[in-house]
Amino acid sequence: MEEGEGSNGGVFEGGLEVRVLVVDDSPVERRMVEGLLKKSGAMFQVIAVDSGKRAMEVLGLTDDKAEQPTVDDQKVDIILTDYSMPEMTGYDLLKTVKEQSCRKPIPVIIMSSENEPQRISRCRAIGAEDFILKPLQTNDVLRLRSYARPVELSPRTGTKRKMTLELMAENSSSDRRPRLTGLAVS
Amino acid sequence: MELGSLQRRYIDFTTALFREGFLDNQYTQLQQLQDESNPEFVLEVVTLFFEDSEKLLDELSRTLDQQVVDYKKVDAHVHQLKGSSASIGAQRVKNVCMAFRNFCEERNQEGCLRCLQQVRQEYFLVKSKLETLFRLEKQILAAGGSVPVLW
Chain P
4 MEEGEGSNGG VFEGGLEVRV LVVDDSPVER RMVEGLLKKS GAMFQVIAVD SGKRAMEVLG
64 LTDDKAEQPT VDDQKVDIIL TDYSMPEMTG YDLLKTVKEQ SCRKPIPVII MSSENEPQRI
124 SRCRAIGAED FILKPLQTND VLRLRSYARP VELSPRTGTK RKMTLELMAE NSSSDRRPRL
184 TGLAVS
Chain L
11 MELGSLQRRY IDFTTALFRE GFLDNQYTQL QQLQDESNPE FVLEVVTLFF EDSEKLLDEL
71 SRTLDQQVVD YKKVDAHVHQ LKGSSASIGA QRVKNVCMAF RNFCEERNQE GCLRCLQQVR
131 QEYFLVKSKL ETLFRLEKQI LAAGGSVPVL W
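First to last, the protein sequences are chains P and L. Sequence positions in the first sequence follow the numbering used here and run 4 to 189. Sequence positions in the second sequence follow the numbering used here and run 11 to 161.
Just chain L, same shape as in the assembly (with noise of 0.2 Å):
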């Protein structure tokens, strides 16, 4: 693809993500910190991102489908995702965990199993459009141009 259109791609598809609540102000904030000396720290925050969420929801899962659920188990690791997803700005993934944290307090198993459900789904989705974004970057990149930047 041209490079003009690989970037007019990038603009269109980051503003979209921003409209639709995938992401925040804190990935823009993330972005920011990325400079010459630090060239890949967006990609490497939101990997750790990737890994950490994973862990905590395949902990989620396991903790959950116990005969007794420890609720102050789920309960620190959906804090743990909730924060994750916060500081990078996966708006909707920390706002499910937002309702999990409530259904948590409730002990209430049959709610948070719907928001393991929707967090997953939540979580795979932004991981999803996060790695896009990665890709047209490189994409842009490769063909000689510079990323836009949009703040």
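Excised from the complex, chain P in its bound form (with noise of 0.2 Å):
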């Protein structure tokens, strides 16, 4: 398993990099993911973990930890989790995540090989901000950016947002993404 270096993000033209923690347990596809985040213009910083049990490490949820983390401990913008793993299933990692009274819940994007509604259901009633089929594409990764926690914005803006869910009807067959999506209406 490997940690990116650094934890406040660092910066680049257009804003601060989204930090995003990648849980996978095939190392093949935990590092092609790696390499599609990072070739996405240098806008994501990549955490790589190969399983629930890590990542829970990584968030600061173990069980050692006295204290819920405050937002300033995350280190973690998004987390995108394989669904299918040993021990702690994707679905299990997005509950625990979910189940957090902190005030900016960690958006989570679930991965999956398998086009399953019943799955697809079952992460959305949770809480999931949406649901990639893999093998993962540069465009999917592209939209990610739109995932990552609204950073506070400065008081002459003003300006609010609400996000809504709407699970889009697809065909299955020729369609390789069944998702929730994000809708942000100002």
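It should be emphasised that the hints constitute simulated quantities derived from the structure, not laboratory data. Check each hint, because a few of them may be wrong.
[Said to hold, decoys possible] Beta-carbon label-pair distances, calculated as ranges:
hint, chain 1, residue 1, chain 2, residue 2, range
1, P, Pro108, L, Leu123, 40 to 48 Å
2, L, Asn35, P, Arg146, 18 to 26 Å
3, P, Lys107, L, Leu13, 53 to 61 Å
4, P, Lys107, L, Asp68, 31 to 39 Å
5, P, Arg146, L, Leu135, 31 to 39 Å
[Claimed, not checked] From chain L, some residues computed to sit far from chain P (all C-beta separations above 10 Å):
hint, residue
6, Gly31
7, Gln42
8, Asn48
9, Glu54
10, Ser138
11, Leu143
Beta carbons are placed, not taken as given, at the ideal position from N, Cα and C, and that holds for glycine.
Combine both chains into one complex, guided by the hints.
Shown next as structure tokens:
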């Protein structure tokens, strides 16, 4: 397993890097996703781990932590996790993350090679922001940026955004990506 | 061999790999992720695939050889092999894995053993092809040329 360097993100033209925690037990797929994220114009800082348990450690959600992590402690902007993993599945990880009562719950995107409507519904029901079919493509990672938690805006902008989720009706034979879609409505 | 011949051989060999179904567009995506900041990305990922696949094939042999076969374990290994082969575009390996998973679901030991033999065959075939491809790339670079880009 690997960990990215730094915890506060770097700065590139256009804003802060988005810190993505990639969780996948397959070393090949983990490396591919990491490559895809890093190729996408230096927008992502990647932390890659090989299990849900390891992800919990990175997120500070292990049993031995006495307190809930504060927003300042969180080193991750998005979690991109495989669904099928031994011991702790992506679903288990999603559930644990969403059960945290911190002010800004981390967005969780599920990756799976199986296009199963029941699986997608299960994930959606407990708050997954999106569900992406594997193998991931370049345009899959490009839209990850939209799921990063909104940066605190300065008072002069004063824009409010409301996120709604719609389940898109997909033709499963022709579309490789049945997914949840986040819509920002001003 | 002269540079031009090497490059032609590379083009013909690569084209055949795609035509014969050994590789699919995912391999092209893998190649597109390689750049100056990541000059060995393809070799790195494919090497990971080789290591991971051989480990999985050994595990599958061991698991299917048991008196009482744990089909859940077999399925988990095949699922991982299917995922990694799909990731790098090893299409024929991926396709055998899909059939393999069906036999796991049916708890069909004979079917699983046949698939294991087949997936092992397809894996070693694609491994050999990819090693030849990398050898050709190395020879082209050593001859002072650049590797043809086919996408």
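Status of the hints after comparison with the structure:
{"no.": "1", "hint": "P:Pro108 / L:Leu123: 40 to 48 Å", "verdict": "holds, 47 Å"}
{"no.": "2", "hint": "L:Asn35 / P:Arg146: 18 to 26 Å", "verdict": "holds, 20 Å"}
{"no.": "3", "hint": "P:Lys107 / L:Leu13: 53 to 61 Å", "verdict": "holds, 57 Å"}
{"no.": "4", "hint": "P:Lys107 / L:Asp68: 31 to 39 Å", "verdict": "violated, 45 Å"}
{"no.": "5", "hint": "P:Arg146 / L:Leu135: 31 to 39 Å", "verdict": "holds, 37 Å"}
{"no.": "6", "hint": "Gly31", "verdict": "holds, 17 Å"}
{"no.": "7", "hint": "Gln42", "verdict": "violated, 8 Å"}
{"no.": "8", "hint": "Asn48", "verdict": "violated, 7 Å"}
{"no.": "9", "hint": "Glu54", "verdict": "violated, 7 Å"}
{"no.": "10", "hint": "Ser138", "verdict": "holds, 19 Å"}
{"no.": "11", "hint": "Leu143", "verdict": "holds, 18 Å"}
When the structure is compared with the earlier hints, violations turn up for hints 4, 7, 8, 9 and for no others.
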